[in-house]
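Undergrad: Chain by chain, the residues:
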Amino acid sequence: NAGVTQTPKFRILKIGQSMTLQCAQDMNHNYMYWYRQDPGMGLKLIYYSVGAGITDKGEVPNGYNVSRSTTEDFPLRLELAAPSQTSVYFCASSPGIGRSGNTIYFGEGSWLTVV
Amino acid sequence: ELKVEQNPLFLSMQEGKNYTIYCNYSTTSDRLYWYRQDPGKSLESLFVLLSNGAVKQEGRLMASLDTKARLSTLHITAAVHDLSATYFCAVDPSGSARQLTFGSGTQLTVLP
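Sequences listed follow chains A and B, in order. Under the numbering used here, residues 21 to 135 are what the first sequence spells out, in order. Under the numbering used here, residues 54 to 165 are what the second sequence spells out, in order.
No lab work stands behind these hints: they were computed from the structure. Any given hint could be a false lead.
Said to hold, decoys possible - Selected chain A positions facing chain B (in silico; Cβ < 7 Å): (1) M61; (2) G62; (3) L63; (4) L65; (5) T123; (6) E128.
Claimed, not checked - Every beta carbon over 12 Å from chain B, so not counted as near; a handful from chain A, in silico: (7) G83; (8) N122; (9) I124.
Don't be surprised by glycine CBs; every beta carbon is placed ideally from N, CA and C.
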C-alpha cells in the first residue's frame with residue numbers, strides 16, 4: 021500500500037540552487053497536487069494536474085515548475101531557491117470528479133530548508 | 054479571494070469534555086473537507102461533506118455543513134488524549150477537487 025510517495029524527505033539547499041521534489045502515486049488517480057505548508061499555517065496550493073500532460077497554477081506558483089508526463093508521476097522543480105521557499109511540501113492525489121466525493125490522499129511531506 | 058477561517062486556533066481541553074471547532078468560509082461552496090495532522094506528519098482525511106445539511110460521524114468526532122451560513126463545525130465528544138492534533142478544514146468551491154483552500158488549522162491539546 022504505497023499510496024503517494026515523496027522523495028526526498030529532508031533537504032537543505034543553498035540560495036540559488038535548483039532541485040526537484042519527486043512524487044509518485046500508485047492508485048491510478050487522475051488528479052495530483054503540490055502544496056506547501058509554512059509553520060503554523062494551512063496548506064497553500066502551488067500547482068495541480070488533472071491528468072497526464074495537463075497542469076495548472078494554484079495560489080502560489082512563483083518560483084516553481086511542474087510536469088506531468090505520466091499518470092503516476094508529478095515532479096516539482098524549484099529554480100533558483102530562495103529562503104522564502106523554506107517550507108514543508110506535500111504532494112497529493114485524488115481520483116477526480118465524482119459524486120462520491122474526492123478524498124485527497126497526501127504524501128508524507130518533504131522538509132526543505134534554503135540557507 | 055476565498056477566505057477560510059477556523060476558530061479557535063488553539064484549544065486546550067480536559068479529557069471527557071465536549072467542544073466544537075468552527076470553520077467559516079467566504080464564498081459559496083457545497084463541498085468541505087476535514088483533515089487531521091499529527092506533529093511532523095502528513096494529513097489524514099477525516100470527513101468529506103458534500104451538501105448542505107451533511108452530517109458525518111466517526112467515533113468521538115462529528116462534522117456538519119451549513120452551506121447557507123457558509124459554516125462547518127467539527128464537534129468533539131468526551132475528548133481523549135489521542136485526539137490531540139491539528140485539525141484543518143478545506144473548502145472546494147468549484148466542487149471539482151481542483152483547488153482546495155485550507156484554513157489555518159486548530160491545534161487541539163487534550164489534557165488528562
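Undergrad: State for each hint whether it applies.
TA: How the hints compare with the structure:
1. M61: holds, 6 Å
2. G62: Holds - the Cβ of G62/A comes within 7 Å of chain B, reaching about 3 Å at its closest.
3. L63: With a minimum Cβ separation of about 5 Å from chain B (threshold 7 Å), the hint on L63/A holds.
4. L65: Since chain B brings a Cβ to about 6 Å from L65/A, closer than 7 Å, the hint holds.
5. T123: The hint holds - T123/A has a Cβ within 7 Å of chain B, the shortest such distance being about 5 Å.
6. E128: holds, 5 Å
7. G83: holds, 19 Å
8. N122: violated, 4 Å
9. I124: violated, 7 Å
The structure fails to meet hints 8, 9 from the earlier list, while all remaining hints are met.
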